[in-house]
Amino acid sequence: MGLNYFIIQDMINSGMSVLDVGCGDGTLMKMLQEKEVQVTGIDINQDNTVKCLEKGLSVIQGDIDEGLHGYPDKSYDYVVLNQTLQSTEKPDYVIQEMLRVGKKVIISFPNFAYWKVRFYLLFHGRMPKSKALPFEWYNTPNIHLLTIKDFYNFAKEYKFKIEKKISMTDGKIRNSVFHNFFDNMFTEEVIFLCTKN
Amino acid sequence: MCIVETKIFKINEPVSLESGRELKEVEVAYETYGKLNEAGDNAILLLHALTGDAHAAGYHEGDAKPGWWNDMVGSGKAFDTDKYFVICSNMLGGCKGTTGPGSINPETGIEYGLTFPVITIEDVVKVQKKLIDFLGVKKLTAAGGSMGGMQALEWALTYKEMVSNVIVIASTPRLSAQSIAFNAVGRNAILSDPNFNNGNYYHGEKPEKGLAIARMVGHITYLCEEAMHEKFARRFQDKDSPNFNFDIDFEVESYLAHQGQTFVDRFDANSYLYITKAVDYFDIAKKYGSLEKAFENTNARYLVISFSSDWLFPSEQSKELVGALMRNKKDVSYCEIQSPCGHDAFLLEYETQTKIIRSFLWG
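Just so you know, the sequences run in chain order A and B.
Take the first sequence: its letters are residues 1 to 197, numbered as in the working numbering.
Take the second sequence: its letters are residues 198 to 560, numbered as in the working numbering.
Quick caveat, the hints were computed from the structure, so don't treat them as lab data.
Note that CB positions come from ideal geometry on N, CA and C, so glycine has one too.
Take the hints with a grain of salt, since some may be wrong.
[As the list claims (entries may be wrong)] Ranges between beta-carbon positions, derived for each pair:
1. A:Asp92 / B:Trp559: 38 to 46 Å
2. A:Thr195 / B:Ser361: 33 to 41 Å
3. A:Ser130 / B:Glu422: 43 to 51 Å
Using the sequences plus the hints, can you model the full thing?
Okay, structure coming up:
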């Protein structure tokens, strides 16, 4: 299990309500539930919904690209999108929906500007593959890859606030408070905490 | 599962109905599987669909065919009789042992026929509650497909304190105009059969043609285009070329005729009228003001299952229900099972359902 799971678990306090968008097999939800967080998940995959149910979690089978219709504004303390943003069809719409439904939003994704990714493309001349991006170009679910800088620009354009950024490389947190060229270069994965009023 | 038998429970008091009328005597046919624990909280009440009965599982003495949900009920199955006490009863208004229009009216000594009061899902559930109390059940899971799912919802709303889990399969919180329309065609077929005789046909020729047509219409709605194509395509029945008359030409015609014919042997036309009416009337949003309000004070966990090819009670209607539960912050899970079987999938796709239901009940 990735460090991102433990960081997100740590970010959310007991008693909070959480919607885990693209919850997968419910691993993060289970960790949150053990902390007495009230958590519900959404996932498109049938096998994943069964796995969540087996863990005693409540889960809605659904397509997040269709938005979060029916979820009222600010109805969850947190809406989480863990390692899923890059595989959504309409990331802009999904993020806006999350910001509408959640008081706070947590988004994590692999940073495509990580130096190893850049070097892979530069020297191999092929679409980068790594632990975080293990697929071939033709079968990857990651259809909307992005960088830390892209996300900052996106936040500016869509007028939401980045409250916090946690950068990770090689399973460790990097101490990089600032957003700059080096951070974008040396961060493998990133977690953002965002809000919009 | 081994040999089971249908038992009769007699309610020793009049039952008042939503319409304002009352039934002096009501008998309920039911079956149970597994054992009720001491706390009385391991019960699962199975609620049957339009033409179902109390015989959900196991075999009746001498029968070759098991109960209608045998794939789902038994040791190690979705509704596991090693752990749960499973109950199924025939619904009020039915014709499989529970009081209905074909029963003898104690006041007249003859069958009720159309003098039987119009019943609602609320009435049906009210009668089930009396059986449940008689059996000593304190807490239960209410589970059903199609019309059974409506009853499960009614249980959650009416007997909040008793219901810990609700499983709603291929169902809806209310029928669409289209579904009501199909029921109306079925009823009209029965009502216009020359043998119908205003419902008094119990001692003469029965309105078999009308009932068979009602069943044929119903069956079309239980399948879907893909399922029908898969089963029959455009094949002719036992030949390669058309008759050039109005006898049965196509396999699909033959299938519907067969479904209609076998149905009249096991079902009462009056019950069909009453039960489809109860289904048409069911509308919890209207009853409680809105779907959100309906579920406001309920305590159960909910599992909602729909099937991708079900166009009678499509997934959208299940999602509407799930949305209302979510907005109430209820513990709700939802699965849409990919299936080519149409509405009937809830009786056929037992493997996926077993995984989902077992996980939900045991998780």
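Here's how the hints hold up against the structure:
{"no.": "1", "hint": "A:Asp92 / B:Trp559: 38 to 46 Å", "result": "holds (40 Å)"}
{"no.": "2", "hint": "A:Thr195 / B:Ser361: 33 to 41 Å", "result": "holds (37 Å)"}
{"no.": "3", "hint": "A:Ser130 / B:Glu422: 43 to 51 Å", "result": "holds (46 Å)"}
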